[in-house]
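S.K.: Sequence:
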Amino acid sequence: MDFDMLLASPRWGILQIIAEKPSSPVELAGKLGTTVSYVSQQMRLLEVAGLVKKERTGAVEKGKPRTLFSISDEIAYFVLLAKGFSSKRLVKTQASHKNTLRIWSVQDVSLHPYIERLYWKLCDSEEVEGVFIEISSPYRIIIASKSKKLRQDIENYLKKFDRKLDVSFANNPIKIPSEGFVSLEIQLNKLKGGKNND
1 MDFDMLLASP
11 RWGILQIIAE
21 KPSSPVELAG
31 KLGTTVSYVS
41 QQMRLLEVAG
51 LVKKERTGAV
61 EKGKPRTLFS
71 ISDEIAYFVL
81 LAKGFSSKRL
91 VKTQASHKNT
101 LRIWSVQDVS
111 LHPYIERLYW
121 KLCDSEEVEG
131 VFIEISSPYR
141 IIIASKSKKL
151 RQDIENYLKK
161 FDRKLDVSFA
171 NNPIKIPSEG
181 FVSLEIQLNK
191 LKGGKNND
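In this text, residue positions in the sequence shown follow my numbering: the first is 1, and each later residue adds one.
Honestly, the hints are just simulated from the structure, not real lab data. Only a predicted model underlies this, so the values are computations on that prediction, with no experimental measurement involved. Keep in mind that a hint or two might mislead.
Stated by the list, open to error - Simulated restraints, written as ranges between beta carbons of each label pair:
#1 40 <-> 5: 38 to 44 Å
#2 149 <-> 81: 30 to 36 Å
#3 170 <-> 112: 18 to 24 Å
Claimed, not checked - In silico EDC-like pairs for lysine to aspartate or glutamate, Cα to Cα no more than 20 Å straight-line:
#4 146 <-> 126
#5 62 <-> 47
#6 21 <-> 4
#7 148 <-> 116
#8 92 <-> 185
#9 146 <-> 166
We put the CB at the ideal spot given by N, CA and C, even for glycine.
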């Protein structure tokens, strides 16, 4: 089956649900408002295509799911249509891909180049151990680091954007259980006017 067809409704709905949480056919049928037999039929197609995998839970109690489905690999499906170039491509994603795709998922496209540059600057820093991007509003970048001066370094770097990014630092960032690590949470509120000097 063509990959575009695999992503058609309701299979796309199934994939979205199990990407959030491994689910049984009964759970999927309930969430989608359809029958278990129909869900099972769709799951077989997705399993043959290599998009999902099933695992036995070992549960024997009544009402407990015995089989759960989850995504088999984290992938991105790119469709590009531009003058002089068109392409469709399936890519297995890595952590950096996922953060880039989260940036591209931000609705305000004018923010993309600034968030991307900040993200890669953080990734290149020897003081940064990890970066996570959250695309719910307000957009957040959460950084794990052992450096006490990282905030000042970031503030200095952001000056290159000529205040185009409206940035604030969270007062109560997420706590990191690993010893010696601190988190820094940056909220990206909107794009401001002004010329970029970079």
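S.K.: None of the hints should be skipped; say for each whether it holds.
M.R.: Hints, one by one, checked against the model:
no.: 1; hint: 40 <-> 5: 38 to 44 Å; in the structure: 18 Å, violated
no.: 2; hint: 149 <-> 81: 30 to 36 Å; in the structure: 45 Å, violated
no.: 3; hint: 170 <-> 112: 18 to 24 Å; in the structure: 22 Å, holds
no.: 4; hint: 146 <-> 126; in the structure: 10 Å, holds
no.: 5; hint: 62 <-> 47; in the structure: 26 Å, violated
no.: 6; hint: 21 <-> 4; in the structure: 23 Å, violated
no.: 7; hint: 148 <-> 116; in the structure: 23 Å, violated
no.: 8; hint: 92 <-> 185; in the structure: 28 Å, violated
no.: 9; hint: 146 <-> 166; in the structure: 25 Å, violated
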